Each structure stands twice: as structure tokens, then as C-alpha cells.
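Protein chains in written order, with my numbering: chain P, 15 to 417; chain L, 136 to 691; chain H, 9 to 147.
Everything labelled a hint here was simulated from the structure, so no lab data went into it.
Treat the hints loosely; a few may be bogus.
[Unchecked claim] Covered stretches of chain H (chain P as the covering partner; in silico rule of three or more C-beta atoms under 8 angstroms from a C-beta of chain P):
| # | region |
| --- | --- |
| 1 | 9-19 |
| 2 | 108-114 |
| 3 | 119-130 |
[As the list claims (entries may be wrong)] List of simulated lysine to aspartate or glutamate pairs, EDC-like, C-alpha gap at most 16 angstroms:
| # | chain 1 | residue 1 | chain 2 | residue 2 |
| --- | --- | --- | --- | --- |
| 4 | P | K29 | P | E247 |
| 5 | L | K525 | H | D75 |
| 6 | H | K68 | L | D277 |
| 7 | L | K308 | L | E334 |
| 8 | P | K246 | P | E65 |
| 9 | L | K526 | H | D74 |
[To be verified] Some, not all, of what chain H presents toward chain P, calculated at C-beta under 10 angstroms:
| # | residue |
| --- | --- |
| 10 | F54 |
| 11 | G61 |
| 12 | G101 |
Treat the numbers as computed from the prediction; the structure is a model and nothing was measured.
Here a beta-carbon is modelled for each residue, glycine too, at the ideal position from N, C-alpha and C.
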Amino acid sequence: MSASREIRTRTDLLKLLCEAAELEHGIACSYLYAAFSLKRDIAEGGMTWEEQQKVRRWAAQIYFVASQEMLHLALVWNLTTAIGGTPYYFRPNFPQGSKYYPIKVPIELEPFGPQSLRRFIRYEHPQNIAPERDLKSLLASAGDDAEEIEFGSVGELYGLIESGFHNIGEKELFIGSPTQQMTRDLVHFPDLIPVVDRDSAIKAIEEITEQGEGTGRDREDSHFGAFVAILKELLDSTARGSGFSPARPSMRNPSARLERGYGADSNPIDDPLAGQVAALFDSVYSLMLRMLAWSFEFDSVGVEEQLKKFCSVTIDIMPRVLLPLGEGLMLMPAGKKYPGKTAGPGFGLTRHVMLPPSAENARQLCRERMKELAVLAADLLKLRLPEPVKSGCRHLREIAETF
Amino acid sequence: MARDFDVVVIGAGMAGAMTAYRLAQAGARVLILEAGNRNPSRAQMVGSFATASAKTLHSPYVQAESDTKAPSPDSSSTYYEQPAAPHTQYKSTYERRTGGSTWHWLGHTPRMLRSDFKMSSRYGGGPDFPPALVDWPVTYDDVEPWYCEAEREMGVAGSHDEWNGLFDSPRSKPFPMSMIWPSYSDTWIAGQINGKSFEGSEYRVRSTPSARNSELYDGRPPCAGNSICVPLCPIGAKYDGAVHVAKATAAGASLWEQCVVTKLDKDADGSVHTVHFLTYGGASQTVTAEVVVIAAHAIETPKLLLMSGLANMSDQVGRNLMDHLAKSTFGIAPEQLFPFRGPPSTSGIESFRDGDFRRARAGFRVSLNNDGWSRRGAPYTEIIDFVTNKKLIGADLQEALFARVTKQLRLSCSVEVAPDPNNRVELSAMTDALGLPRPKITFTPPQYSLNGLAQATKTLGDMFRLIGATEVDLGAANAYDGAGHIMGTCRMGSDPKSSVVDAQCRTHDHPNLFIVGSSVFPTVGSPNPTLTIAALALRAAQDIADQLGFKTEPQI
Amino acid sequence: MLKDFLALSRILTGVENLDAELGRQYLDRLTSTPFEPLLRQILERFRGLEDDGTLADQVKRQILGDDTLRPAVCQIILLWYTSAMQDNLGTPGVMRYGTQEGYFSGLGWSIIGAHVPGLSGGYFGHWRYRPDNEPLEKV
């Protein structure tokens with residue numbers, strides 16, 4: 015995709031917005047996986063109390079960046095519905111080949127470490143700027159061959175999207191209803207912008223690129239800057255050969271054994287119990303995505319209560335079910351095929367039923383599905399599981415009960 | 136005559152550092168003199184806190200030499216000379232360290248309201264109105280652009296919609312960062328009380344603007360809920376004065392630590408150019424400057440002026456010592472609120488800060504707190520009680536703790552203190568380790584404020600009632616804590632006969648001597664003072680630069 | 009001695025996974041205080057109990073139930089939950105902490121759905137929601 019190409023049709027613009035949605039979504043999962051893998055307690059080993067402070071700070075920052083990617087996804091969905099499209103929540107399963115996107119960097123699920131940080135830096139690297147020498151040498155000391163670094167960043171994609179919003183006539187473009195737009199009251203992002211015209215669209219796009227790659231003056235406050243700082247700190251901390259090991263030995267690109275539909279390159283979890291928990295994670299994740307997308311897509315008029323309910327449930331599921339399940343999986347064995355490794359969530363999106371436009375039917379389907387998942391959770395609770403997994407299961411049951 | 140520096144700033148706290156930063160940026164040769172030492176690394180301070188027996192304000196900052204040679208009420212409970220308890224006491228303290236007291240502040244940055252600058256004009260004249268509750272010589276509109284500046288410099292997170300226009304006090308710019316998210320507890324409480332009223336004022340829970348990052352800002356991370364803002368932010372998400380000390384030195388200012396200023400000399404023409412200081416070894420040194428700025432907080436500043444016999448034609452130096460009367464009240468909520476998470480306070484109620492009632496009694500802010508009953512010793516006291524008295528162990532103990540501690544709630548208020556010239560800082564006959572006089576404090580809260588405290592207590596009682604709390608403890612009638620807001624001792628005014636500094640923070644008596652910090656507040660309203668301190672310091676820096684012929688970075 | 013101390017501590021705290029290294033630190037701290045003779049008595053009595061499936065109840069009756077031993081039991085639990093020990097048992101007792109590792113490993117905070125003060129609770133905004141580590145069924 016060359017920078018000189020301009021976007022002039024709704025179709026092209028929607029295509030790019032779908033691509034942006036896939037990217038933000040996939041990148042968020044990649045960040046979450048790394049954050050889940052960071053150790054919490056000194057008792058896990060490999061950390062002094064000072065190192066624990068560092069590790070917790072890194073985890074907090076990566077979660078924060080992930081949350082901003084989710085905000086970016088929400089903005090992209092608002093941009094999409096504003097011009098008559100439907101929020102796109104699909105994405106390829108992991109690992110995603112590097113040829114799939116123009117950004118030339120594969121999106122993978124990998125525990126925290128110099129390798130994953132290098133990838134993160136490349137996702138967020140500012141467009142149209144050659145990598146500086148300092149950065150090249152930092153990446154080299156983190157294992158990258160300096161000569162071969164390619165940066166094709168997400169920023170370039172948004173440049174094209176922005177051109178589309180400039181080139182296409184405002185009146186003909188914005189055919190979505192303003193009452194479809196998701197607002198910050200419903201999804202708790204104070205920086206969420208409802209998109210209703212060209213100005214708000216440009217604002218939304220600028221917010222995304224500023225947070226990701228930053229602007230000239232304050233790049234250190236961007237995602238890019240944050241990852242560079244973390245990588246530097248990590249390399250400093252491990253340089254002295256101290257035995258500091260901040261991350262759990264989680265596997266790469268796991269897939270829940272019971273699900274079909276994963277790419278050939280994923281690694282099926284070999285431990286049956288971990289596989290069950292990972293499958294539950296995927297099911298909850300899939301349901302949550304569908305509820306969220308439904309909320310973004312449908313006009314709020316007449317269904318405000320349901321929208322509110324769907325949004326508050328999905329927002330509850332993320333920190334109280336998905337987070338503890340995800341973290342907990344990294345405390346469970348990956349199985350005999352992966353000696354020394356722990357499991358992890360695959361964020362698997364497999365064949366599923368999309369939610370219907372009828373609010374009542376959508377609610378019925380969700381209620382039933384949630385009850386089914388609650389039963390699975392109840393069964394799991396009878397077994398020996400790490401505490402976070404148990405917490406996640408308990409919360410899932412509680413949410414299902416009050417849905 | 137050639138001076139050593141263009142500007143000497145006395146005190147490397149936030150006010151002094153911001154002033155020094157702006158002046159150094161403008162090209163002035165600046166020296167900051169700090170009585171205390173610098174702190175070790177943040178990690179080391181966290182370590183000190185972790186093993187400290189009592190998690191006091193000073194627990195991360197203990198340094199034997201600095202604590203002895205530049206003592207403060209934080210480092211020594213006997214530093215103030217005050218009547219012994221149970222007589223009314225001045226309870227607020229401060230640090231003497233590079234970076235100052237903002238190391239251990241909570242981080243709240245509400246602005247003063249329009250009325251707060253015009254108390255006498257608006258509410259004065261009645262029999263219960265304290266005559267010393269004067270107008271400021273500046274208005275809210277004068278200070279408003281500087282509030283925006285200060286918010287940008289510190290990095291303040293807040294909700295523009297919630298705060299714009301509050302009590303006729305508009306905001307001309309959005310907050311630099313969107314708000315610190317309210318806690319689960321705040322949201323639950325808001326659900327119970329929003330829209331209801333108490334004696335004419337409506338309850339509305341608002342997120343509190345704070346100098347606490349809600350995103351990556353100024354090279355510092357967003358808040359991660361370490362929950363020990365007081366006394367220390369382990370990750371630097373909370374702003375502290377050391378941020379501007381670093382900016383000042385990066386802009387070229389010199390910083391000399393362990394230098395305790397003992398005296399300023401006046402020339403024949405009334406100007407002050409000579410600064411005497413002691414090093415910890417006892418050696419006496421001198422430095423000269425075109426302009427001298429005192430930024431030593433509201434007790435050391437008047438102390439220095441009194442020691443030097445300066446700036447006091449008005450006889451107001453050291454007088455009108457103020458604070459906010461703070462009160463914590465406790466209860467058990469009917470549902471779990473999950474304290475001990477997030478910053479110690481994320482929301483408050485502003486409804487009671489202003490109104491006609493200020494003719495007869497003080498206004499107050501209400502804070503919703505996320506620290507449960509920690510001030511009463513929770514969860515330690517509960518663990519001990521459940522094991523020793525209720526004989527619980529294992530899962531039973533865990534359940535009991537989970538059921539009880541998660542419902543503990545603290546609501547608090549911060550009441551405006553009216554100025555009273557008899558509340559004052561003087562020089563004690565007792566001296567510190569360097570032979571310098573300690574501060575002698577006289578303080579009795581005025582009736583105007585005690586009336587406000589009584590009303591605040593009733594209001595908190597009503598809030599507990601509305602949420603269905605049990606075991607409510609509203610404390611003894613006139614009991615209060617210090618809020619940590621030391622203010623008023625070198626008041627600002629247009630009349631040199633009744634004030635110490637003018638509207639530019641320049642002392643009336645000495646044209647090149649300035650004071651920045653909370654000493655200059657003639658009245659205090661009910662907000663935490665730090666944002667106002669920052670706004671006035673940035674504004675004063677521009678005036679000082681103009682006076683010296685330098686151009687500050689164009690912001691306003 | 010450490011093995012018994014850990015086994016007893018599991019029953020007292022209700023936590024299965026207790027760090028042995030931390031246990032050793034806490035045992036050392038207890039044995040270097042006036043609680044030492046009480047601790048010795050407690051461990052002796054504990055060793056004498058039958059491991060017949062009712063161990064926890066026996067501990068409750070015979071160790072916790074003993075008024076002279078209970079203060080030391082309280083110290084043990086306080087150590088594991090907060091890493092602090094009371095200087096004496098006056099009210100309020102002065103709290104003494106050991107190492108920073110100990111402080112940041114306090115177990116009591118997750119029991120109330122929180123985190124050790126000074127350690128990050130997770131990520132920006134997590135305090136907006138109920139805890140992700142809520143340990144027990146809703147009360």
C-alpha cells in the first residue's frame with residue numbers, strides 16, 4: 015500500500031476501517047497476552063521485591079496501552095457505523111502471518127520479553143519517520159538484526175483512512191444515524207468520540223494516531239514511547255545476569271484443544287484441564303464481542319435499557335472474568351508436549367452464531383448462552399485450579415445469574 | 136552592581152521549583168537554595184515505607200542528617216512550639232526536602248471558586264462574619280488562565296463537563312487529561328444519593344480533579360492504583376515538586392541542597408539582595424541576587440522574615456495562620472464497597488462549598504474515600520479482633536474479614552478556616568540543631584469555622600443515613616484533624632498597611648522580594664490549595680521576569 | 009520445626025500455598041521475641057494432634073481455644089496476612105515489619121479483594137469495578 019494512494023469511495027473506506035478494526039483488535043490481544051504473562055507475586059520466583067515493583071508497573075502500562083487499543087477499536091467502530099457500515103469484530107486467529115497486513119510484522123500471542131517488546135515497538139512506530147540510530151541499536155541489543163528492520167506502521171493505514179474522510183463528500187458519506195453512536199456513558203471511555211460528521215471523524219482518527227505513535231513533541235507519552243522505555247529498562251535489568259525473570263513461561267500462540275478452526279501454526283494446549291479453561295475463555299470472549307458489537311451497531315432508540323445492560327455486562331466480563339481466566343491459564347501446565355511451559359488464552363474466534371437484530375431475541379440468545387457457560391464454570395470449580403481461574407469462574411456464574 | 140545570580144529562590148518545593156523553572160527558561164541565572172536533602176530513588180523510598188513501623192507521612196523520607204539539620208514537623212513531632220494537648224492544636228505538617236511537601240500530598244487539585252476571592256464583598260457585613268475574611272486583590276477571572284497553565288504544567292486529570300461553571304467559575308480550557316475514574320464505591324454511593332438534598336443543597340458526586348496521570352503524560356505513567364499516594368507514589372503517576380525541580384535544573388537553574396537560609400539583608404533603599412545560609416557543617420555563607428523569592432512554605436517563610444526583621448510594616452507576617460479543619464467519619468455500608476483499591480479518594484461533593492450561608496458559617500468540601508477504616512487500624516484491628524475475641528481461623532477468618540472489611544467506609548470533610556490575626560507563627564525561644572529558632576504556633580479555630588464543621592458533620596451523618604450505613608461514628612463535636620493545608624501567613628492585599636504582598640506576590644516593603652506559596656492566601660475557601668499555589672507561582676514568575684527584563688515562554 | 013510451622017500455618021491462615029522461605033523468616037522472627045516459649049508450646053501441642061481428618065477442629069479447640077496460647081496464634085496469622093507482628097499485645101500494639109519481601113507478600117489483602125498497599129492493584133481504572141480477585145462467594 016503506497017502512501018500516494020488516496021481513498022475516494024465508501025467501499026474502500028469501509029474496507030480499510032475493517033482492516034483497522036482487525037488490527038486494533040489483534041494488537042490488543044497481543045498486548046493482553048504479554049500483560050497476563052507478567053508475574054504478580056514474589057512467591058512465583060525470579061523476582062526480588064524491587065523487581066516486583068518494576069514488573070507490576072510494566073504490567074500496568076501494558077494493560078493501559080491495551081485499553082487504549084480497545085478505545086481505538088471503539089472509535090473505529092463509531093467511524094464505521096457513522097458512514098453506514100457494521101462494526102467488524104472478526105480477526106484471523108493467532109499467529110497471524112506477517113503477509114496478511116501491510117505492517118509486515120506478524121501479530122502473535124507471546125509472553126512478555128525482548129522479543130514481544132520488539133514487535134510492539136514496530137507496531138507503533140511512527141509513520142514516515144526513519145528508525146533512529148538509537149532505536150536500531152536498542153532493537154539490535156534485543157535480538158533484532160539492525161539491517162533488516164522494516165517499519166510499516168498502523169499509522170500509515172490511518173493516514174489513508176483520513177484521506178477517505180477528506181475526499182468523500184460529507185453529506186453523502188455520513189449516512190449512519192447519530193443515535194447509533196456509542197458514547198462514553200455506556201462504555202466508560204472518557205475519551206470516546208461520537209462520530210457524526212467530518213470534524214468528529216478527523217478528531218477520532220487523530221486521537222488514535224496521537225496515542226499510538228505520538229506527535230513530534232511528546233512521543234515519549236505514546237504507546238511507542240512507553241514500549242521503548244520498558245524495553246530499555248528490561249535490558250538494563252537483565253544485563254547484570256541477576257536471574258531476574260519477569261514473565262511466566264507461557265507458550266506461544268496457544269489454541270484450546272477442543273476447538274476446531276485454528277490456523278495450522280497454532281499450538282494446541284496439551285493438558286486437558288488447561289484446555290477446558292482455555293475453551294471457556296474463548297467462549298466467553300466470543301460472546302462478549304458479539305454483545306459489544308451488537309451494542310455499537312444498533313440504533314439506541316427504543317432499546318436504551320438493553321444497550322445499557324449489554325454494555326455493562328461486557329464491561330464487567332473483561333476485568334472480572336477474562337482477565338483472571340487469562341492470567342490463571344498462565345499458571346497452568348501447557349501439557350507434556352511443552353515441557354516447562356504454561357498454558358495461555360488463545361483468543362480463539364471460531365464459527366459462531368451472530369446476534370440477531372431483534373433486541374428481545376438477542377437478549378434471549380445471550381441469556382441462554384451465558385447460563386450454559388455458567389454451568390461449565392460450576393463444573394470447573396469442583397476441580398483443583400489456580401485462584402485466578404476460580405475467581406473468573408465464580409464471577410462468570412454471578413454475572414450469568416443476574417443477567 | 137554585579138550579583139551572583141539574577142534570582143535566588145529559597146525552597147525547592149513545588150512553588151519554588153515552578154518559579155525557578157519559568158525564570159531559567161526565560162534566560163535568568165537562577166539559584167535554588169533548599170534546606171533539606173534530596174530523596175533517594177523511588178524504589179528505596181518504597182522500601183523504607185514498606186518496613187516502617189508506622190506508615191506516617193515521613194516514613195519514606197527518613198534521613199537522619201537532614202531530619203536533624205533541617206527539621207520539620209513531619210520529621211519531628213516536637214518541632215512546633217505549641218500548647219500541649221488537649222488544648223486546641225495546629226495539626227498540619229510539611230516536609231523540608233527537595234521537592235517539598237508534594238511528595239506526600241494526596242494530589243487533589245480543585246480550584247478556588249469565584250466567591251472565594253470575594254468573601255467580604257459577597258457575604259460580609261453580618262454579625263457572624265469574621266472581619267478578616269477579606270477580598271483578594273485578584274479575581275477568579277484574573278487567575279483563571281493561570282489555573283489552566285498550572286493544570287498543564289502539573290498534568291491534571293478531570294472532567295470538564297462536571298466542573299465547568301461550578302458556582303459561576305468557568306473553565307476556559309479542557310483538562311489536560313480525562314478524569315481519574317471514580318471507584319466502585321463512589322459509583323454505588325452516587326447511585327444512592329445523587330439528586331437528593333440536604334438543607335437546601337443537592338448531593339452530586341463528582342470525580343475530583345487530580346494531578347494524577349490518567350494516561351501517559353510528561354514521561355510519567357498513568358496511575359496503576361498502588362493506593363499509597365499518601366505518603367508516596369511508587370511510580371510517579373502522582374505529580375510531585377521534584378518534577379519541576381528536574382525541569383528547573385534542566386533549564387539551567389542551579390540547586391544547592393543542605394543550605395538553610397538564616398537571614399536576608401536589607402539595603403539602605405529597602406531592597407533585599409543578600410541571602411545568608413548555613414550548611415549542615417555549620418559554615419555560614421552568603422549569596423546575592425537581583426531578586427529574591429521566598430518559597431519555603433507557610434511556616435518557614437514567615438519564620439525567615441521574622442528572623443530577618445523584613446516585610447513586616449503591616450505587622451501581618453506570621454499572622455492569619457490557616458488550615459482546613461478535616462474530619463473523618465466512619466460507617467459500615469449495607470453492601471460491599473471494596474476499599475483499599477485505587478487512589479485513597481477519587482470523588483467528592485462540591486455542593487456545600489458556596490452559598491448565602493457563608494454570611495454566618497464556613498463552607499466545606501466533602502470527600503468520598505477509598506481507604507476504608509485504615510485510619511482506625513483496619514485490617515490489622517479486624518484480624519486481631521477476629522482471632523483473639525471471636526476465635527476464628529482459616530476459612531472462617533477469611534470469610535469474616537471479607538464480609539466486614541469490604542463494607543467499611545470513611546467519609547470526610549474539609550472546612551474553610553477564616554483568618555484570625557491571633558492565629559499566628561512566631562519565633563520560639565527554643566532552637567533547632569543549627570541554633571535557629573523553631574516556630575511557635577498559636578491557633579484556635581474560629582467559631583465561624585466550627586459552625587461550618589458542625590454543619591459538615593450533620594451533612595456526613597445525613598449521607599450515612601441515606602446509604603443505610605450502620606455503626607456510624609461522627610466523632611466528637613469540635614474534634615478535627617489537620618488537612619495538611621498550611622496557609623495565610625503572608626497575606627496578599629492592595630493595602631500595604633494590612634497585607635504583606637501585593638497582587639503580584641511582591642512584598643510591599645521590598646520591591647525585589649517576592650513570596651510564592653500558600654503563605655500569600657488572604658482567605659482559603661475549601662479547596663486543596665496546591666493548584667492555586669501553582670497558578671499564582673506561574674503568574675508571579677511572569678511578573679518577576681518582566682521586572683528583570685526577561686521574556687517567559689509565551690503561554691498566556 | 010519449619011515443616012510443622014508451615015503445616016500449622018496452613019490451617020490457621022486457610023491458605024494452601026505458603027512460601028517456605030517466608031515461613032522460615034517468620035519462624036525466626038517469632039523465636040527471637042518473648043513469644044518464643046508460647047510458640048514452642050504451640051508446636052509441641054500441634055505435633056501431638058492426630059491427623060485423622062479433624063486436624064483443623066483440633067487446632068481450634070486445643071490451641072486457639074487456649075487463652076494463654078491464643079495471643080501467639082494471633083501473631084502467627086498477623087505475620088502471614090500482613091508481615092507485621094505486634095511489639096506487645098497492648099492496644100494499640102506497635103507493629104513491626106521484617107523484610108520488604110515479607111511486606112509485599114502479605115496474604116491478607118487479597119482476602120479482602122485488594123492488594124498490598126504500595127503494590128499496583130493492576131491497571132488504570134481497575135478500581136472502578138468489583139475486584140478481579142474476589143476470593144469468596146458474594147456475601
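Would the hint on H:G61 be counted as holding, given a Cβ-Cβ threshold of 10 angstroms to chain P? violated, 19 angstroms
With the threshold set at 16 angstroms, check whether the alpha-carbon distance from L:K308 to L:E334 stays at or below it. Given that 16 angstroms is the threshold and the Cα spacing comes to 33 angstroms, the pair is violated.
Check: Holds or violated: is there a CB of chain P closer than 10 angstroms to the CB of H:G101?
Finding: Status violated, d = 25 angstroms.
**Assertion that chain P covers the region 119-130 of chain H - criterion: three or more residues, beta-carbon distance below 8 angstroms** = With 3 residues in contact (Cβ-Cβ under 8 angstroms with chain P), the coverage given for the region 119-130 of chain H holds.
CA of H:K68 to CA of L:D277, is that 16 angstroms or under? violated, 69 angstroms
Given the hinted pair P:K246 and P:E65, is their Cα-Cα distance within 16 angstroms?
Cα-Cα ~14 angstroms, so holds.
Would the stated hint for H:F54 survive a check requiring a Cβ distance to chain P of less than 10 angstroms? The hint is violated - H:F54 has no Cβ within 10 angstroms of chain P, the shortest such distance being about 24 angstroms.
Margin query: Count the residues of the region 9-19 of chain H whose Cβ falls closer than 8 angstroms to any Cβ of chain P, and tell me whether that reaches three.
Written below: Check failed, 0 qualifying residues.
Run the distance test for L:K525 versus H:D75: straight-line Cα separation, threshold 16 angstroms. holds, 12 angstroms
Check, residue by residue, whether the region 108-114 of chain H contains three or more positions whose beta-carbon lies closer than 8 angstroms to a beta-carbon of chain P, and give the verdict. Result for this restraint: holds, n = 5.
### Message
Given the hinted pair P:K29 and P:E247, is their Cα-Cα distance within 16 angstroms?
### Response
Violated. P:K29 to P:E247 sits at ~39 angstroms, over the 16 angstroms cutoff.
Exercise for the section: For the pair we were handed, L:K526 and H:D74, check the Cα-Cα distance against 16 angstroms. Expected result: At roughly 10 angstroms apart (the allowed maximum being 16 angstroms), H:D74 and L:K526 satisfy the hint.
Comparing the model with each numbered hint stated earlier shows that hints 1, 4, 6, 7, 10, 11 and 12 do not hold.
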